[in-house]
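K.L.:
Read off the chains here:
Protein chains: 6
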Amino acid sequence: MTPLQVFLFFILFSSFSKADPLQDFCVADLNFPQGLAGYPCKSLSNVTVDDFVFTGFRNPGNTSNMNMFSITPAFVAQWPAVNGLGISVVYAEMAPGGRVPVHTHPGGTELIVVIEGTIIAGFISSSNKAYTKKLEAYEAMIFPQGLLHFQVNSGSVKAKLLVSFSSPNPGVQIISTALFGNDLSSEILEEVSSIDVAEVKKLKAMFGGTN
Amino acid sequence: MTPLQVFLFFILFSSFSKADPLQDFCVADLNFPQGLAGYPCKSLSNVTVDDFVFTGFRNPGNTSNMNMFSITPAFVAQWPAVNGLGISVVYAEMAPGGRVPVHTHPGGTELIVVIEGTIIAGFISSSNKAYTKKLEAYEAMIFPQGLLHFQVNSGSVKAKLLVSFSSPNPGVQIISTALFGNDLSSEILEEVSSIDVAEVKKLKAMFGGTN
Amino acid sequence: MTPLQVFLFFILFSSFSKADPLQDFCVADLNFPQGLAGYPCKSLSNVTVDDFVFTGFRNPGNTSNMNMFSITPAFVAQWPAVNGLGISVVYAEMAPGGRVPVHTHPGGTELIVVIEGTIIAGFISSSNKAYTKKLEAYEAMIFPQGLLHFQVNSGSVKAKLLVSFSSPNPGVQIISTALFGNDLSSEILEEVSSIDVAEVKKLKAMFGGTN
Amino acid sequence: MTPLQVFLFFILFSSFSKADPLQDFCVADLNFPQGLAGYPCKSLSNVTVDDFVFTGFRNPGNTSNMNMFSITPAFVAQWPAVNGLGISVVYAEMAPGGRVPVHTHPGGTELIVVIEGTIIAGFISSSNKAYTKKLEAYEAMIFPQGLLHFQVNSGSVKAKLLVSFSSPNPGVQIISTALFGNDLSSEILEEVSSIDVAEVKKLKAMFGGTN
Amino acid sequence: MTPLQVFLFFILFSSFSKADPLQDFCVADLNFPQGLAGYPCKSLSNVTVDDFVFTGFRNPGNTSNMNMFSITPAFVAQWPAVNGLGISVVYAEMAPGGRVPVHTHPGGTELIVVIEGTIIAGFISSSNKAYTKKLEAYEAMIFPQGLLHFQVNSGSVKAKLLVSFSSPNPGVQIISTALFGNDLSSEILEEVSSIDVAEVKKLKAMFGGTN
Amino acid sequence: MTPLQVFLFFILFSSFSKADPLQDFCVADLNFPQGLAGYPCKSLSNVTVDDFVFTGFRNPGNTSNMNMFSITPAFVAQWPAVNGLGISVVYAEMAPGGRVPVHTHPGGTELIVVIEGTIIAGFISSSNKAYTKKLEAYEAMIFPQGLLHFQVNSGSVKAKLLVSFSSPNPGVQIISTALFGNDLSSEILEEVSSIDVAEVKKLKAMFGGTN
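Residue numbers (full-length UniProt numbering), protein chains in the order written: chain A, 1 to 211; chain B, 1 to 211; chain C, 1 to 211; chain D, 1 to 211; chain E, 1 to 211; chain F, 1 to 211.
The reader is advised that the hints may include incorrect statements.
No copy is singled out in the list; a pair is fine if it fits within one copy or between any two copies.
Unchecked claim - Capping the alpha-carbon separation at 30 Å, the derived lysine-lysine pairs in DSSO-like fashion look like this: (1) K129 - K204; (2) K202 - K129; (3) K158 - K129; (4) K134 - K201; (5) K201 - K133.
If you are wondering where the hints come from, they were derived from the structure by calculation, not from laboratory data.
All chains should be built: construct the whole structure from the sequences, respecting the hints.
P.N.:
In structure tokens, the structure reads:
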């Protein structure tokens, strides 16, 4: 919104009043602009029990894609009730051979519990040490905030995971997509990644990058 | 530790040295005294991938008890890797008819995902409004920090839940146990709870309280 | 505010401008919707010294009620200047025999100073241990965040207390009112509280609950 | 503690053990070195209700001093139970004509309630605006974190105040003492304060400074 | 904004929509009212790389003023991209003999790096101890949050400094200006600062104060 | 430190005593084990002004290495005074053609100011959008917490940068080194990065990885 912009739109705060009692929670009202750590609160009079329930995991996405995995997030954008509560959750499935590529969450720690199947999971520390482990059903692993990590379905059946985060909006940056799915020039990418320019161009083609 | 106490015990810091690099995580060393928000860090040279993996959910407790539920926590005391990472996790089972009694977590928000079975779950707000819902498998519900909440197995099969918290050590206060399982006098309890003294005495007998 | 809602109300930001200097404080403007941790700031040009002064304790409520106590809060709703400053204050009076029933503050620690009279105060820890003490005038006690606690006037004169909180909006949940002052079914309440259904029904009648 | 220092003292951790349950509070053990935000916790087995009670306000200091006021703090050093709980409290008395000189609290907001007497209190904002007010008994005022503020007894009787802080250890820096009670050279002081060097030397004599 | 105020201005949220993805940053939209810890976020679709670049240090102010220094701040008001990121930066120049008068930052720690020249810098602790040092080019010094500190150009060439802060909006309170540049009465000022009333009046004249 | 370890080492706390006043800062004592957010404090009696001054930037490392850059960090390990103050600083030089490879800081935001030379700097958002810019001397750029970013010396003279962080210990993870400088198997790396296994093996050779 630039200073020159004419202010014409009207906001309906009809559901707010000074009499609104103070809240124990702050269900996000996604109609408002996002603030530093989340959204303003939906008026208490409009909040019902259904705000606190998330049913999206009952219909997860399919795994017929390049990485053979599906992710169903319940971050604040999908589940406004987590706004400001320091937690969120994701349900993931990986077909045999599927993987969650190397990625980071800039804003939070990830904690997975395997519900079905067998996976290999790992993270890499700032000391460049890899911590990897094969996990069976009902085993859990934690990936500390901001570090590179990945999961691979190493078994012969579909793997199912419940994934918690220490933030309602942890963010995600998949390394290959982040590097090769935009318009950064291949020459700069080669320079700052040490990956050969021919490989860079192949990866750009794969991830939709240009230049 | 009183000022008069003779200092006799010796601490072995053999695993620490000034050369220890800065850590991306802080696996708790439970041998040290607890600090404000957790424990000092285990020396990095002693940390292995097994610190980041929790296998305790593979052998949950049984549900043959008064409330017909079992709780297997992975808080910092059971899983030192969650120390300082703002998250922890619990696995719970409830036999048909079982329940998790009304309780609060003074230090964090709770987020449940039903894995199997059908439950009724609810919380009560500061405005004394009850938010309750029947949840099927793969549905999730959130209980904002510090508020009274409960779960009941309303189905005919064992219910299984994965429960995340926005703290490595959320604490728990089960209301009936907290009120009636100690030596608070029955007269004061009647006065501050409005529960009839005869009922108070019955509950004290049930929960092991005295006076 | 649903997406379908017609935007009709108009907001006057006439008192805001880009030239507004950055503020050392954030007196709440209660006309705006509440955010994650409080309210947006009143424009600096409208802030006067009277915003920082609270005079409500000069006329406390009377103590002619079921619990024989009066509470005069200076939380953010009553004193917008505490917004964002991590503190608030309450003045309380208890007639002889009066009490503040068992309650928790989901969002903060409570610290009381007795100004006049004699009270018995206590809290209960997660280990179900009761910490209780008789307090005289000019003695102080602290009740750590989120734990059950109570006060009883054990003397023969009116007790007066100043009560500070580590939050501008600590919330409060009085256990008996929270459990028995709503529409939770008596059967579920019996199940999750272990209190006999007849007693539950008696308490529901007392606290205005239904079902 | 330098690397060359010979390690001779012994610490008795006899009161700690891995079996110590997780705590709802962290009563400071002042025998340990201070950490970033406070002290390590006293072992739970040594904590009693008396840790949570502060009786020091019953015997406040006298007001026969240069500023005719007395301050009885209950910060973490005097009341270890406030450690980590985000709050502390002070009792103050000012004789008629007494004053609390201009000062700041680097680590917290101050909230006063006048119990007896009449004072003039004020703070100065970053915009150099003074917010001052005469306060009667049972009126409250808040001084936002880090800003210059002061109190003066403007009445004819002793004034009594209860003062809360949004930190267990807010710190205090009395401007005149901080500037003129040390060995900063008078020439530098004149330069950085714009106060005439003769006045600087007079103030140094008053506050015990040298150079 | 009082309840009686007529709502006439209109806000254009045309740049916001529910489809806005969650952001990794929160470039301040200074058109919105300030919140507790900063501003709401500019819509992601309006954010460009230029938001993340600050060019104001290329044209610093001149040093022809009473204190012979110039300050070019890149706080949130000048550089909206720092909003919510816990950091900001300032460029300062001091002519020979110039100084930054004694001041505090209520909201953050200051860290300086000398780029050119020689300065004397110092801060004063709560124990009234002065920590001062002569600094050459490429030496750094840190001034912990909220404490009184100052810098003086003690060399014969212009000194240049880069100054970082642990907050996007640390605030600043220059002691002499804060005390003597407003309408606080000279008598109260003498009382609360111990500075002679004649000197107070001289300083009021210098800093534009009245009364 | 395992429970079975014999406690033999002795700690000298000779420099600590209960009389130690509360501190305004917490200069790290690196002899103690690291805690959740930093180190315990050095005893105040051992703190001098030199603790608050860092001189390491006067002798930066040379740029004769693979990436033609040198980094001189003043994180808590090098400058214990930044402990707990939410800030740190680094001095960097890049020879012409030098670069800081793509990396993240898991624990903080980075803010650079170019002192000499011309660079191209950029970061990539969670939406896979690249924000890149050519920066001249005395221009600044900010890289929000946890996101991939890089710098390249695009000019013909040595570039000099001052780099601030919003944490005393932001951590750093250089992507190529993190992925290819350890013992993760080339097959898993290919799978989770989409980089061809031949290129993976070439990179492993370059960065010292095995398997």
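K.L.:
Hint by hint, say whether it matches the structure.
P.N.:
Quick rundown of the hints versus the structure:
1. K129 - K204: Both ways: K129 and K204 sit 28 Å apart in one copy and 14 Å across, limit 30 Å.
2. K202 - K129: both (28 Å within a copy, 19 Å between copies)
3. K158 - K129: within (29 Å within a copy, 33 Å between copies)
4. K134 - K201: between (33 Å within a copy, 23 Å between copies)
5. K201 - K133: For K201 and K133, the Cα distance is within 30 Å only across copies (22 Å; inside one copy 33 Å).
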